[in-house]
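Protein chains: 2
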Amino acid sequence: MNYCTMCGASVSSRIPAGDTLPRFVCDECGMVHYHNPKVVAGCIVSWQDRILLCKRAIEPSYGLWTIPAGFMELGETTDGAAARETMEEACAVAEIDDLFAVYNIPHVSQVYVIFRAHLNAPEYSPGEESLETELFSKNEIPWDDLAFRVVRAALKRYVEYESVADHRPYVGDIIRR
Amino acid sequence: MNYCTMCGASVSSRIPAGDTLPRFVCDECGMVHYHNPKVVAGCIVSWQDRILLCKRAIEPSYGLWTIPAGFMELGETTDGAAARETMEEACAVAEIDDLFAVYNIPHVSQVYVIFRAHLNAPEYSPGEESLETELFSKNEIPWDDLAFRVVRAALKRYVEYESVADHRPYVGDIIRR
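Chains A and B are the protein sequences, given in the same order. The numbering of the first sequence is the numbering used here, which starts it at 1 and goes up by one. The numbering of the second sequence is the numbering used here, which starts it at 1 and goes up by one.
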């Protein structure tokens, strides 16, 4: 960050009075600019005993498979964002069931909020950000071609735990290797 | 937002190619500036059968009671942020137990991630942002003097459900009245 969003003057990194961390502060108008982690909302969408995955048509991880997920927008709910991403990436209506997991990814300042969801009909097709969309049974999941470690972690947990009726939502971390 | 953080030129609100929502885009360098919801991490901290609350020394809601909670910082985990807020606001070491609830507050673009936690000793005192810190039994909670609707919702749920051993984390919305 070089310039103030409010007045266009230059900013400096310093600790404002009463704060504990350095922030970008405007040298002219004094506005403090905060930067915070982003929420990625997504869902593991099932149809009968299969799971909906999308092959990414965009970087990062072009050509690799992911669950529908993306940055939450202003004015959304986490579950609403997960359903929107499913519509955008797979042209599918995700009926959100319950919270599945929260993954912290501190080195990129992201929090993944992942729900379980289902389709009411096997209707889906690639959205603009996807090359392909496909239902995979649990023993067909393309483990070697998954887009992100958090997707792998969530799917692994889903495959292992989904049959446990009272499975509590998991909170875990993805730590830089 | 008036000016680009990168180059200091003016920005315009428009929908970038391939996007679906208006963003602030730099008129000179073309940088797209995204704004996303913020995570507020907090915890309901217990000592034996009492709950730790803080009377706010800052606006908004100066003088009203809250659970320890605040904006998650870059590089943090949700549970780490909740423990840090407890230290900052109540000078207390929160031992995080499990996820209690996720509250979406779409009209202010916030997501509260609230954990259950406990103290290992009844050691606490007001931090800089608190006027007082106090342990309340469940029938002493100052319902009429709570700082935010989300705090009231979480405490109400805690008081009602905390005794249920397999209580699943709740996902709910706080909607504009």
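These aren't lab readings, by the way, just hints derived from the structure by calculation. Every residue gets a Cβ at the ideal spot worked out from N, C-alpha and C, and that includes glycine. Hints may be right or wrong, so weigh each one.
[To be verified] Only some residues are given here: those of chain B computed to face chain A with a beta carbon under 7 Å: (1) I15; (2) S46; (3) W47; (4) I51; (5) G70; (6) N104; (7) V108; (8) Q110; (9) V111; (10) R168; (11) G172; (12) I174; (13) I175.
[Claimed, not checked] Sample of chain A residues with no beta-carbon within 10 Å of chain B, all distances over it, derived: (14) G8; (15) S13; (16) I15; (17) L21; (18) P37; (19) E59; (20) Y62; (21) E95; (22) S109; (23) H118; (24) S125; (25) N139; (26) W143.
[Claimed, not checked] Chain B side only, calculated, beta carbon under 7 Å to chain A, not exhaustive: (27) L64; (28) M72; (29) E76; (30) N120; (31) D173.
Taking the hints in turn, this is what the structure says about them:
1. I15: violated (13 Å)
2. S46: violated (18 Å)
3. W47: violated (22 Å)
4. I51: violated (21 Å)
5. G70: Cβ of G70(B) sits 11 Å from chain A, so the hint is violated.
6. N104: holds (4 Å)
7. V108: Result: violated, 9 Å to nearest chain A Cβ.
8. Q110: With a minimum Cβ separation of about 10 Å from chain A (threshold 7 Å), the hint on Q110(B) is violated.
9. V111: holds (6 Å)
10. R168: With a minimum Cβ separation of about 6 Å from chain A (threshold 7 Å), the hint on R168(B) holds.
11. G172: violated (9 Å)
12. I174: violated (10 Å)
13. I175: Hint violated; I175(B) Cβ to chain A Cβ min 9 Å, cut 7 Å.
14. G8: At roughly 4 Å from the nearest Cβ of chain B, G8(A) sits no farther out than 10 Å, so the non-interface label is violated.
15. S13: Consistent with the label, S13(A) stays out of reach of chain B, its closest Cβ about 13 Å off (over 10 Å).
16. I15: Answer for I15(A): holds, closest chain B Cβ roughly 13 Å.
17. L21: Since the minimum Cβ distance to chain B is about 6 Å, L21(A) lies within 10 Å and the statement is violated.
18. P37: Check fails; 5 Å does not lie beyond 10 Å.
19. E59: holds (12 Å)
20. Y62: holds (14 Å)
21. E95: Non-interface label on E95(A) holds, nearest chain B Cβ at 14 Å vs cutoff 10 Å.
22. S109: Non-interface label fails for S109(A): nearest chain B Cβ at 4 Å, not farther than 10 Å.
23. H118: holds (16 Å)
24. S125: holds (17 Å)
25. N139: Answer for N139(A): holds, closest chain B Cβ roughly 28 Å.
26. W143: holds (26 Å)
27. L64: With Cβ-Cβ at 19 Å, over 7 Å, it is violated.
28. M72: holds (5 Å)
29. E76: holds (6 Å)
30. N120: violated (21 Å)
31. D173: holds (6 Å)
Going through the hint list in order, the structure does not satisfy hints 1, 2, 3, 4, 5, 7, 8, 11, 12, 13, 14, 17, 18, 22, 27, 30.
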